[in-house]
Structure formats: structure tokens, C-alpha cells
Amino acid sequence: MRNRLIFSAAAVVAMLALSPAPRGQDAAHTGSAPDISGVWLVEKFEPRLFPNGGAPLQPWAEKKLKATNPQTDDPNLACLPEGVPRFMISVPYPMEIFQGLMRVLIIHEGTSVLRQIHMLRQHAKDLDPTYAGDSVGKWEGDTLVVDTIGFNDKTWLDGGALPHTEALHVVERIRRSDHDTLVDEFTIEDPMAYTKPITAKQVYKLKPEWEIHEYVCEQNNKYTYKGK
Amino acid sequence: MRNRLVVFPVTVVLLLLSLGGSAYAHHGFVSWFDLSHSTTVKGNVTSFDWTNPHTYIYLDVKDEKGNIEKWTAELGAIGMLARAGWRRDTLKPGDEITAIGNPAKDGKPVMHLTKIIFANGQELSSAL
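Protein chains in written order, with the numbering used here: chain V, 1 to 228; chain E, 229 to 356.
Think of the hints as simulated: they come from the structure by calculation, not from any bench.
There could be a bad hint or two in this list.
[To be verified] Below, simulated DSSO-like cross-link-like pairs (lysine-lysine); rule was C-alpha separation at most 27 Å, straight line: (1) E/Lys320 - V/Lys222; (2) V/Lys196 - V/Lys64; (3) V/Lys222 - V/Lys201; (4) E/Lys320 - E/Lys293; (5) E/Lys333 - E/Lys290; (6) E/Lys333 - V/Lys63; (7) E/Lys293 - V/Lys222; (8) V/Lys138 - V/Lys196; (9) V/Lys66 - E/Lys290; (10) E/Lys293 - V/Lys64; (11) E/Lys336 - V/Lys226; (12) V/Lys66 - E/Lys336; (13) E/Lys343 - V/Lys205; (14) E/Lys343 - E/Lys320; (15) E/Lys336 - E/Lys320.
[Unchecked claim] Pairwise CB distance ranges (calculated): (16) E/Ser259 - V/Val203: 42 to 50 Å; (17) V/Lys66 - E/Lys333: 13 to 21 Å; (18) V/Thr72 - E/Glu297: 40 to 48 Å.
[Stated by the list, open to error] Over 10 Å on every C-beta distance to chain E, these chain V residues come out as not near it, computed from the model: (19) Pro70; (20) Gly100; (21) Gly110; (22) Gln122; (23) Leu127; (24) Gly141; (25) Gly150; (26) Arg175; (27) Thr181; (28) Glu185; (29) Thr187; (30) Glu189; (31) Met192; (32) His213; (33) Gln219; (34) Asn220.
The structure presented is a predicted model; accordingly, all values stated were derived computationally and were not measured.
Every residue gets a Cβ at the ideal spot worked out from N, C-alpha and C, and that includes glycine.
Pulled out of the complex, with its shape left as it was, chain E reads as follows (with noise of 0.2 Å):
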């Protein structure tokens, strides 16, 4: 089983503030990722590709048998993200994060990131 925390539809309110968010992508992004749910992934860093037109974590994710499913978490660009508190160093290879954002339509192991939660706690959102 993997290690989704929580996979659970929201409402049309959260719909809508999703798209009211900042976290715009170069494309469509309603067109490839299931804007009515959430998916909820905790895992480790392998690399943070901060760029343009989208910034990528990449994290492994462990199920309960310690198989490894690798997650891509895409988010906007650069200069949106740095606005909202990102930085270059935000993340580093190895660093535990919970990452929570709208699944693939096509349901592969890739989101449309919201928010990161640190291992200490700390709360990072994409949007402004």
C-alpha cells in the first residue's frame, strides 16, 4: 500500500480558491491534474530542480514493505514561488517532507503541489 496519508475530494469552495492561487503553471494545468482532490505523500528529497517554467521535487516515497514509489511534485515558477517565501535552498536532498497538492489525472505518481510540510512542522504553501 503506499504511503498516501489521505486522498479525499474537497469542495467546490477549495476548487475554486485553487484556482485562484498563484500557482500557475505554463499550461493548462485543469486539463492534467484532478483539481477536486487532494493527495497527501511524505517522503524524502532526492532533488529540487528550482527553474522555470516549473519547479520540481522529486521525492521517494516508502510503502509499508519499504518499496520505494517515486513522486514528482510539479509547481509554478520561479519568480510566483519566490514571492511566496521559496528560495533556491528551500529543499535539499534528504530532507523529510510531507507534500500535499492535486493528483495526475492519469494517475500517475506526480501532483500539482499546494503546500509542503517540514519535518518540524513548518508549513511552506505554493501560492501567495
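Okay, chain V solo, but in the shape it has when bound (with noise of 0.2 Å):
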């Protein structure tokens, strides 16, 4: 079994309705938290954070992203999962957030991922890379503030095969700026790839009448991965 969660509708509602209430919890604050739970897709899709180029690349990342063929290398093609940042920025397939207690879950369409937000805990030690790394998030007024950590190296940061390495940290800043209107801002930092930071947006839009489908990639998938 591949590295991820594989989903269904009813285990996500199983796991939010199970998750204990924490001692001293104050629901009245938590439950004052914005709402942005519902299906959202990207309202415009750009499979590049940089489409130009410019890409503030160290050496060796740069030297890596020219080595890489986009035509076999992408780990998509084997079904893998796009991890973060890439599966929030550049995959236009909705998505839906449950907000519960103790988390924040979002479910994405495509390669039917489970990405978890730990709402009431620090990062872990001793982090397991991981292709979403470990999130976790708190409430700044109206925005939920995600910091994730514990990345393995095997994805790209977006659908243009920028590379990084397991030092990589993303903070999101996501909050709804109207009613059928999400925007997720993105700090992406790895020193040890990237001269300076990057900053990224990516705007969705609320489908309310939409439920996600299964999507089993391995069904038909007729690409072949060469990537490593």
C-alpha cells in the first residue's frame, strides 16, 4: 500500500465524529471558528508557480529541474500522491474540507488523498517524512493558519517539477473572503533548495451542489513512471 490515506466518504464523517473532545477544550471559542468546510475548486488552474520561469533556485536545484523530464519524471504518472504544496496549488479537482474539533480534513478528488490539519496539537518530534507532511493549524481572526513540516522529497512543489528537499515548511493562510470564495496564501521555504522563499495564492470557489468521486488511479493508468 502506497503512502497515503486512501478515503471514503463515510470514514471521514467516522473519524470526525469520533474524535474525543479534548479536557478544558473551550467548544464555545472553537465553535465561533469561521466556516470554511464544503466541496471548492481552484478557480483557475496554473499547473506552474512560476510560468515564466525565475524560479530562485539554489545550483544544484536548478541543474535538477533542467534533468528533469516532465514526460516520465512526474510522480503523478505513477499514481503518487501530489503532496503539498502542489496539492492545494496546481490540481483542478475540487476539494472538501470538513472542519471538526480536532482537525481539519480535506479530501482532494484527484488520487483521493486525506490530508489531516491537527487543530489542538504542535508538530510531533521525530517527524516520518511524509508526502503531506505533518499540518498543523490555528485560528487568526478569520484566518486558519497552517504550518506543515515533515516532508519527504519525492514530490514537486507544483505541476512544473520544482524539486525540494525534506526541509521543507509551508504556511498557509486560508479564509474564506466571501461566501463561494476561499484563498489559500502560501510561504513556501527550503534554504536548502531556494535562495529566499516563495509566496504563492491560489483562489477556489464553492460548488455546493458537487460530492466527490472516487478517482482510482490505477484503474487505466497507461503512463509509464521513470522518475525517482
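Two chains, two frames, some hints: make the complex.
Set out below in C-alpha cells:
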């Protein structure tokens, strides 16, 4: 089984329902958190963070990017997950956000990945590197601030093959700018691979009539992955 | 001569529209298909794979001498296609359709489908 969680809607609902309320938790406070739940789709699909080039790559990363063949090396060709932040930036399939007391869960139709944002704990120590990393969140006014570390180096930052290392650190500021619009502002840091932080923004539109469909990438994948 | 009806360059605006559509693939389709060109073929469906991560239409396209060229039209995933009005029984073997899309960069008879036109003139886009 690949390093990802395949979900069902029932399983997600069960996870939320079964999450125990922590002792001393101020339910009234968490209950007043802005509602960002729902099915959302990127407003404009642009797979690359730098469509005109110019990413502030370290020399080795620049060399790696040039040596990458997107026809054979995209992890998606092996049905591997996009990981964070590509998962949030350059995948134009819908995602559904569930807000629980303990966690905010995001299920993404593409590759059927579940992302967990832990709301009541800090990053664990000695994180085992993963595709989505370890995300912890907190509310700052109307904004959900998500801090993610603990990545493996097997994903691309975007659909343009931008590499990264396990030192990747992503901070997202997610807010509902109006009823139908969700905005996620990214600060992407990886001093091992980039000379300065990268900032980006993605806008999503609410799709109230949509449900997340099953997506089994292995069903009829005709592509061959040669990446590492 | 192949029964390609039209092969023509499109404008940058159309290119951007293509990128903005929902006919996304699980791979970087920009690297596989020439989004600056469109190709059109008319033929008969031999198979319709209603599958993830891609749906496929297989077509027999006859040229003027009756020779058959086998074409493959690649579409996106089931979920987004369903939202665009496609169903598992949208096509069946024998259906005559016109397929319009971006040609493969390697010149093979493969396209990234943007829309089909049924024999009765009805059109169905692969994007929302």
C-alpha cells in the first residue's frame, strides 16, 4: 500500500464524529471559528508556480530541474500523491473541507488523498517524512494558519517539476474572503533548494452542488513513471 | 490522405483557455500535447473506456482510399467529465463522431480531446 490514505466519505465522517473532545477545550471558542467547509475548486488552473520561469533555485536544484523530464518523471504518472503544496496549488480537481474540533480534514478528488490539519497539537518530534507532511493549524481571526513540515523529497512543489528537500516548510493562510470564495496564501521555504522564500496564492470557488467522486488512479493508468 | 478535417494554429487566448479548462490529466499534459494546435478527425467509435485517471475514446478514421487509421482521444478523469455532462454510456461502439482536440507532440494519432460532435450535430465539451 502506498504511503497515502484512501478515504471514503463515511470514513471521514466517522473520524470527525469519533474525535474525542479534549479536556478543558473551550467549545464555544472553536464553535465560533469561521466556516470554511464545503466543496471547493481552484478558480484558475495554472500548474506552475513560475509559468515564466525565474524560480529562485539553488544551483543544484536548477540543475535537477533542467534534468527532469516531465513526460516520464512526474510522480503523478505512478499515481503517487501530489503532496503539499502542489496538492493545494496546481490540481484542478475539487477538494472538500471538513471542520472538526480536533482536525480540519481535506479530501481531494485527485488521487483520493486525505490531508489532516491538527488543530490542538504542535508538530510531533522526529517526524517520519511523508508526502503531505505534518500540518498543524490555528485560527487567527478569520484566517486558518497552517504550518507544515515533515516532508519527504519525493514530490514536486508544483506541476512544473520544482524540486524540494526534506527541509521544506510551508505556511498557509486560508480564509473565506466571501461566501463563495476561499483564498490560500502560501509562504514556501526550503533554504536547501531555494535562495529565498516563495510566495503564492490560490483562489477556490465554492461548488455547493458537487460531491467528491471516487478516483482510483491505478484503474487504467497507461503512463510509465521513470522518476526517482 | 488522412481524414483530418482541419489542422490549424489557434491564438494565445485559446491556449490560455485550454490551460484554464478542467480537462486536466494526472500528468503534465502540456508536455505531451501541442496546445497551440487543434486537430479534428471524424470516425467511428470502437471503444469507450470510462475510467480513471483518464477516459479514452478509440476511433477508426477512414481516409479517402478506405484505409483505417486508429485514433485515441484522451480525456480527463470521470468525476470532472460527469460534471461536464458525460456518462458511461455517452458513446458506444459504432457511433460516428467528430473528435476535436490538441494533437500529440510526437505526431502519433493521439489527441487531448476538447470536444466531440455527434452525428446529429450535438456537441459535448470535455471541460466545464
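Checked hints:
Proposed proximity of E/Lys320 and V/Lys222 is supported: the alpha carbons are some 21 Å apart, at most 27 Å. Annotation: proposed proximity of V/Lys196 to V/Lys64 holds, straight-line Cα distance about 18 Å (limit 27 Å). Proximity of V/Lys222 to V/Lys201 is assessed by CA-CA distance (about 32 Å); at most 27 Å being required, the pair is judged violated. Using a Cα cut-off of 27 Å, the hinted pair E/Lys320 and E/Lys293 holds, with the two alpha carbons roughly 25 Å apart.
Restraint check for E/Lys333 and E/Lys290: the C-alpha separation of about 22 Å stays at or below 27 Å, so the hint holds. Using a Cα cut-off of 27 Å, the hinted pair E/Lys333 and V/Lys63 holds, with the two alpha carbons roughly 25 Å apart. Straight-line distance between C-alpha atoms of E/Lys293 and V/Lys222 comes to about 32 Å, which puts the hinted pair past the 27 Å bound. Of the supplied pair hints, the one linking V/Lys138 and V/Lys196 holds, its CA atoms being roughly 25 Å apart against a limit of 27 Å.
Between V/Lys66 and E/Lys290, the direct Cα distance comes to roughly 41 Å. Violation of the 27 Å bound is thereby established for this hinted pair. Using a Cα cut-off of 27 Å, the hinted pair E/Lys293 and V/Lys64 is violated, with the two alpha carbons roughly 49 Å apart. A hinted pair counts as satisfied when its Cα atoms are at most 27 Å apart, and E/Lys336 with V/Lys226 qualifies at roughly 21 Å. Straight-line distance between C-alpha atoms of V/Lys66 and E/Lys336 comes to about 26 Å, which keeps the hinted pair within the 27 Å bound.
In summary, the hint linking E/Lys343 to V/Lys205 is supported, as the alpha carbons are separated by about 24 Å, within the 27 Å threshold. Distance check on the hinted pair: E/Lys343 and E/Lys320 sit about 16 Å apart at the alpha-carbon level, within 27 Å; holds. With a C-alpha separation of about 24 Å, the suggested pair E/Lys336 and E/Lys320 falls inside the 27 Å cut-off, and the hint holds. The beta-carbon spacing between E/Ser259 and V/Val203, approximately 25 Å, falls outside the hinted interval of 42 to 50 Å.
The hinted range of 13 to 21 Å is satisfied by V/Lys66 and E/Lys333, whose Cβ atoms lie roughly 19 Å apart. For V/Thr72 paired with E/Glu297, a C-beta distance near 26 Å fails the hint of 40 to 48 Å. With 10 Å as the threshold on Cβ separation, the claim that V/Pro70 sits away from chain E is violated: the shortest Cβ distance comes to roughly 4 Å. The claim that V/Gly100 is not at the interface with chain E holds, since no C-beta of that chain comes within 10 Å of its own (minimum 24 Å).
Its closest Cβ contact with chain E, about 7 Å, brings V/Gly110 to no more than 10 Å, contrary to its assignment away from the interface. The beta carbon of V/Gln122 is kept farther than 10 Å from every beta carbon of chain E, the shortest such distance being approximately 34 Å. Chain E leaves V/Leu127 outside its interface by the beta-carbon criterion, the shortest separation being 27 Å against a cut-off of 10 Å. No beta-carbon of chain E comes within 10 Å of the beta-carbon of V/Gly141; the shortest separation is about 32 Å.
Here V/Gly150 stays apart from chain E, with its beta-carbon at least about 25 Å from theirs, past the 10 Å limit. With a least beta-carbon separation of about 24 Å from chain E, V/Arg175 lies farther than 10 Å from that chain, consistent with its non-interface assignment. Once the 10 Å rule is applied to beta carbons, V/Thr181 is consistent with being away from chain E; the minimum gap is 17 Å. Once the 10 Å rule is applied to beta carbons, V/Glu185 is consistent with being away from chain E; the minimum gap is 21 Å.
Once the 10 Å rule is applied to beta carbons, V/Thr187 is consistent with being away from chain E; the minimum gap is 25 Å. For V/Glu189, the requirement that its beta carbon stay farther than 10 Å from each beta carbon of chain E is met, with the minimum near 25 Å. Residue-level check passed: V/Met192 sits 24 Å from the nearest beta carbon of chain E, beyond 10 Å. At roughly 3 Å from the closest C-beta of chain E, the C-beta of V/His213 falls inside 10 Å, breaking its exclusion from the interface.
Separation of V/Gln219 from chain E is inadequate, the least Cβ-Cβ distance of about 5 Å not exceeding the 10 Å criterion. Not every Cβ of chain E is farther than 10 Å from the Cβ of V/Asn220; the closest lies at roughly 4 Å, contradicting the non-interface assignment.
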